[in-house]
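Asker: Sequence:
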Amino acid sequence: KNKGLKESKLKKNKVLIKKIIAGLSDNRGKLRRTFSESLGFIGEEAIPFLRIVLLNSQNVTARRAAAKTLRIIGHPSALPDLLKALLNDEDPVVQGSSVGAMAIFGEEAIEHFIKVLENPTSSEMQCGLVSWGLAYVGAKGGSALKKASVSSNIKVRASSVAALGEQIQSFSDEEAKTILSNGLNDKSDEVQIEALKLIGL
Numbered sequence: 001k002n003k004g005l006k007e008s009k010l011k012k013n014k015v016l017i018k019k020i021i022a023g024l025s026d027n028r029g030k031l032r033r034t035f036s037e038s039l040g041f042i043g044e045e046a047i048p049f050l051r052i053v054l055l056n057s058q059n060v061t062a063r064r065a066a067a068k069t070l071r072i073i074g075h076p077s078a079l080p081d082l083l084k085a086l087l088n089d090e091d092p093v094v095q096g097s098s099v100g101a102m103a104i105f106g107e108e109a110i111e112h113f114i115k116v117l118e119n120p121t122s123s124e125m126q127c128g129l130v131s132w133g134l135a136y137v138g139a140k141g142g143s144a145l146k147k148a149s150v151s152s153n154i155k156v157r158a159s160s161v162a163a164l165g166e167q168i169q170s171f172s173d174e175e176a177k178t179i180l181s182n183g184l185n186d187k188s189d190e191v192q193i194e195a196l197k198l199i200g201l
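Going by our numbering, the sequence shown opens with residue 1, and the numbers climb by one from there.
These are computed hints drawn from the structure, not numbers from a lab.
Don't take every hint at face value.
List of simulated lysine-lysine pairs, BS3-like, C-alpha gap at most 27 angstroms [unchecked claim]:
id : residue 1 : residue 2
1  : Lys84     : Lys115
2  : Lys30     : Lys14
3  : Lys146    : Lys115
4  : Lys115    : Lys140
5  : Lys177    : Lys146
6  : Lys84     : Lys19
7  : Lys147    : Lys115
8  : Lys177    : Lys187
9  : Lys14     : Lys84
10 : Lys197    : Lys146
11 : Lys115    : Lys197
12 : Lys18     : Lys30
13 : Lys84     : Lys146
14 : Lys12     : Lys30
Build the full structure now, drawing on both the sequences and the hints.
Answerer: Next up, the structure:
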């Protein structure tokens, strides 16, 4: 009996979630935000439905809202889907919202961001958004950023050095300061420039 009640509740939940999901394509911003907040309240159970919208919907408004809603839910299982949206969606707002949703996971997001920087087909906009994402993570991803600062990839090194600014300023992190010093002597102008920007803070 309990199993039957549970299955019935799950079925009702799926119907409800699908109805709310349909509202993500509504042109009225306030109403769309209400739908997003409702899905945020439902939580993890809504993620599979949001994943389908984010990666497959032809409606750009719905894709944008799906990325923002995944940020509200805040569950790391969405990270691979957000990465796919960042790399494959042509809409810059979807890309930016995906990075924003990824960045809340701190150090857990860094390996995904680095994949974008290492990908030779990533656009300048995608790399720029990821650099912002790394800076947002900042001190929350300290150890991963320090590791990335010695990467063989110039973009990874430059973005990682730039993202260490918070630690250098706020926490007097000696290891971060050493990385900054090394950045000033890096063979890449791009890394040197990021290090010089921090010196001027």
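Asker: Now look at each hint and say whether the structure bears it out.
Answerer: Tested hints:
1. Lys84 to Lys115: Distance of about 11 angstroms is within 27 angstroms: holds.
2. Lys30 to Lys14: Answer holds: Lys30 to Lys14 is near 23 angstroms, not above 27 angstroms.
3. Lys146 to Lys115: holds (16 angstroms)
4. Lys115 to Lys140: holds (19 angstroms)
5. Lys177 to Lys146: Answer holds: Lys177 to Lys146 is near 11 angstroms, not above 27 angstroms.
6. Lys84 to Lys19: With Cα atoms ~25 angstroms apart, Lys84 and Lys19 stay inside 27 angstroms; holds.
7. Lys147 to Lys115: Within the cut-off at roughly 14 angstroms; holds.
8. Lys177 to Lys187: Holds, at about 18 angstroms.
9. Lys14 to Lys84: holds (24 angstroms)
10. Lys197 to Lys146: Answer holds: Lys197 to Lys146 is near 18 angstroms, not above 27 angstroms.
11. Lys115 to Lys197: At roughly 24 angstroms apart (the allowed maximum being 27 angstroms), Lys197 and Lys115 satisfy the hint.
12. Lys18 to Lys30: holds (19 angstroms)
13. Lys84 to Lys146: holds (25 angstroms)
14. Lys12 to Lys30: Judged against 27 angstroms, a Cα distance of about 26 angstroms means the pair holds.
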